[in-house]
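Enquirer: Place chain B on chain A using the hints.
Which chain is which? The protein sequence lines are A and B, in order. Those letters in the first sequence? Residues 1 to 321, by this note's numbering. Those letters in the second sequence? Residues 1001 to 1576, by this note's numbering.
Keep in mind that the hints are not guaranteed to be accurate.
Unchecked claim - Which residues of chain B face chain A? A few of them, derived with a C-beta cut under 10 Å, are:
| # | residue |
| --- | --- |
| 1 | N1045 |
| 2 | T1049 |
| 3 | N1051 |
| 4 | S1133 |
| 5 | Q1214 |
| 6 | E1248 |
| 7 | G1251 |
| 8 | S1252 |
| 9 | T1255 |
| 10 | E1442 |
| 11 | F1443 |
| 12 | L1446 |
| 13 | R1449 |
| 14 | T1453 |
| 15 | D1473 |
| 16 | E1489 |
Note that these hints are calculated values from the structure, not bench results. Every value quoted in this text rests on a predicted model; they were computed, and no experiment measured them. Backbone N, C-alpha and C define an ideal beta-carbon position, used for all residues, glycine too.
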Amino acid sequence: MKYLGWRLLHGVGLLALLSLLSFMLSQVASGDFYSQLRNDPRISPETVAALRAQAGIDRPFPIRYAAWIVAVSRGDFGYSLAYHRPVAPLLEERIGATLILTGAATLTTWLIAVPLGIWSAARRGKWGDRVSTVAVSLVLAVPDLVLAIALLVLSVQTGWLPAGGKISRGYAQMGSIQQLRDVAWHMVLPVTVLVAGSTPVLIRHTRASILEVMEAPFAMSARAQGIPRRRLLYRHLLPAALNPLISLLGLSLGSLLSASLLVEIVTGWPGLGPLFLEAVMARDFAVVLAVVMLSAAFLFIGNLVADLLLYRFDPRIRTVD
Amino acid sequence: MLFLRYFGAVVLVVLTPVSGASGDALVLSGVTGERGGTLVFGQRNEPKTFNPVIAADAASRELILRVMADLIHINRATQLTEPALAKSWTVSHDGLHYVLSLRRGVRFSDGQPFTADDVVFSFQVYLDEKVRSPQRDLLLLEGKPISVRKLDSYRVAVDLPRPYAVAERLFDGLAILPRHILEPVYREGKLAQAWNLSSLPTEVVGLGPFRFKQFLAGQRVVLERNPYYWKVDQAGIQLPYLSEVDLEFAGSEDTQVLRFQDGQSDVISRMSARNFAALEKDRVRRGYALSDVGPGLEYSFLFFNLNELPEGASPEVVARQRLFRRASFRRAVSVAIDREALVRLVYLGRAAALSTPVPLGDKAWVNAKLPHIVRSLPQAHQALAAAGFSRAPDGALLDPEGKPVEFSIITSAGNTERLQMATLIQDDLKQLGMNVHVVPLEFGSLVNRVFQTHDYEACLMSLIDSDADPNPDMAVWLSSAGNHLWHPEQKTPATPWEGDIDRLMREQMVTRNRNERKRIFDRVQEILMENLPLIPLLSPDILVGAKNGLGNFRPAMMDHYVLWNIEELYWRAEAR
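Only chain A is shown next, with the shape it has when bound in the complex (with noise of 0.2 Å):
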């Protein structure tokens, strides 16, 4: 319990060391969000500055973090200039679509990881970890970008795949069975992506853990006491295996809102990354700043359920403490 909550203030302090850099941050970057506006000839300077004024980014940085701090801790995330509207809901609206994005590819990632991360792991030096080993190099070197716009094109001149977005035109027509087939469909795509450029980590990562506890003395008394093969896997090495693994769980939690935010952008999928791709160009920082803030957060938390997780299962920590 201690330990809990002394992990929460550290949380708490480092989210605030976060926004302070991020402020600072967003105080060197040149323009703001009214810069735009000068782009239309007709908008005089005085109009520009009258609104800069109005917004209150006219202000000097310290009153104006203060003033965040103090609206955050309110609950309050700001308000979107360009949207005319508090942050809160504008990101409620997408935040869904990105967790139904991530969740579906961080779930699918692990059911495929560590069975392949185990198999490989039994199988080492032969052919069929060799090619496991190969095969996974060779995707872990493609970039998600890439394999995202190869994969639409594909889809595009093959009709495999929809094109992008989360439906397709005459969903409102749908029943609501067709609906969530057609938004599984779209899906497809993204989730693959996702899904590429998170599972080979995870096999070697699995593959890795598995053959050091294999070397164990522990193990290799198993052995010679003749316990079955797959019996000293799954009853033995695995749960001895599981304390890496557990920590990259946390991490694929962490990851949970900020993973996705590319090949959104990329396969046009309405999550927080357009969203927040729109609001860094248009400097519209309050939307910025909680998008960040947020999947700070995340992270965070993610690592924080891993730890509980690890302190849990894993007696030895709880000595050290």
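Expert: Below, chain B alone, put in the same frame as chain A:
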């Protein structure tokens, strides 16, 4: 039962034209079509708001003009003004007083009647300094606002603070607001927050052909036919023909193009020449048509930093500015640029070289007597030699003080075409012995350097005119204006020729004889080409596409390129 259904259909057909478009409906002659169907329009970005008072981004304005209407409208095909909510108007002899007669019996999309009170309220809101509408600047003539008074329920008087040559054009795109909905919000001072995308569809009320039905965050806005719209076709059928319009946001141009190719959207506007070429291959198999409308109202140019730099500016930049200030230097640069190569290589031929800093889409106003600029290195060398420049043994160009000529061009990193143009120009100028660097900057930083810090040497940029007329660019040409790119906000004109341009531009603004205006603006262009504060490069073509079977599709070179006549668009039977 069968009888009932049949009867119901008949009643519907007979009643619809009559029910909404009563009174002074605007009859579009020469227009026929069939009602029904949905049009999906693929947009790049998501609109931010329905609120015409605060909207500043293109996506929002695209949306707003589907649900709102103006008093006097510029026909995108003819580029001339025509009656909209104002069915006619008269002008006083001095050109200062207008009386607009409004259409009677027109209703907002919630069924409430439209009267002069709505017009007066709309102008009150747009002109209110506390509201800070970007539209306000469009209603100021040299800093003084126009004023609007109610004469009776269907007549308003508009008084201009000074004569203005094309006053009717000011009303184009200025959405008339429903007083019964927005006045309470305005009184509370909360107008800026009104009508965002989370508003209820019933709250967003306008006079446009469509009304708000549904918003799916990050995906699309669904609009439905406004049952009270005030235009009918020649057969008396109430417009618009389409039942529904879906504005779909793709996030990026590439996704936008892919989704159009895949048939997920029906119409696509303003794509790059490369995407146009890519789509062309698949045209027949996929059943869409592409069209090149010709050069539009965008023009690209190169300019040098001619600002008075503050004390303490880097001596290097100050020294370089001495070069930039020479008209002979700018002329040599201009004649060394191979514009035809820019058109051919960057825009695959879908652009046109410029010989004046006026976009080619502004057909009536381009000074056609100005000579076409043909690339000529000997001419450039000659001009430079006459101004005292020389060549070092290694071929580098030396300025009259004997220093090598070297400068950097900043341009927007997000715009592939401009970046490519800058690179080709770098190569063109290298052949004069100039050492040019290209510095791609993110657009916000670019704008900041040009307008705020003046920390740059040369810049390659584009402007898109909002209207085919010289007036929208007043703020570019007047030396005191904030958008006088090369040296904004001058207290007094820095050079005699800038003073001349100021005088001529002010003169054309109040001249009501069109030929006389044209003569004055021709002279402005001559002065601009003698002094080259902006070195004109090219105007890109407007490239659009639509699925086969879309009737009355007539893309234009002015903004709202494809949807400007959305009330007339319809699906032919074979495309349904």
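Enquirer: Closer than 10 Å between Cβ atoms is the bar; does B/Q1214 clear it against chain A? Give me holds or violated.
Expert: OK, holds: B/Q1214 within 10 Å of chain A, min 8 Å.
Enquirer: Any CB of chain A closer than 10 Å to the CB of B/F1443?
Expert: holds, 7 Å
Enquirer: Report holds or violated for the interface hint on B/T1453, using the least CB-CB distance to chain A and a cut-off of 10 Å.
Expert: Nearest chain A Cβ about 8 Å off; hint holds.
Enquirer: Using Cβ atoms only, decide whether B/E1442 comes closer than 10 Å to chain A, and label the hint accordingly.
Expert: Given a least distance of 8 Å, the restraint on B/E1442 holds.
Enquirer: Identify whether the interface hint at B/T1255 stands, where standing means a beta carbon of chain A within less than 10 Å of its own.
Expert: Because about 4 Å separates B/T1255 from the closest Cβ in chain A, which is inside the 10 Å limit, the hint holds.
Enquirer: Quick one, is the B/D1473 hint okay against chain A at 10 Å, beta carbons?
Expert: Where the cut-off is 10 Å and the nearest Cβ of chain A is about 6 Å from B/D1473, the hint holds.
Enquirer: Is the hint on B/G1251 kept, meaning its closest Cβ partner in chain A is under 10 Å away?
Expert: holds, 4 Å
Enquirer: Verify the interface restraint on B/E1489: the C-beta must sit less than 10 Å from at least one C-beta of chain A.
Expert: Since chain A brings a Cβ to about 7 Å from B/E1489, closer than 10 Å, the hint holds.
Enquirer: Regarding the hint that B/T1049 lies at the interface with chain A, is the smallest CB-CB distance below 10 Å?
Expert: Status holds, d = 6 Å.
Enquirer: Mind checking the CB of B/L1446 against every CB in chain A and telling me if the closest is under 10 Å?
Expert: holds, 8 Å
Enquirer: Does the closest beta carbon of chain A sit nearer than 10 Å to the beta carbon of B/N1045?
Expert: holds, 6 Å
Enquirer: Tell me if the interface restraint on B/E1248 is satisfied: Cβ within less than 10 Å of some Cβ in chain A.
Expert: holds, 7 Å
In summary, this structure violates none of the numbered hints.
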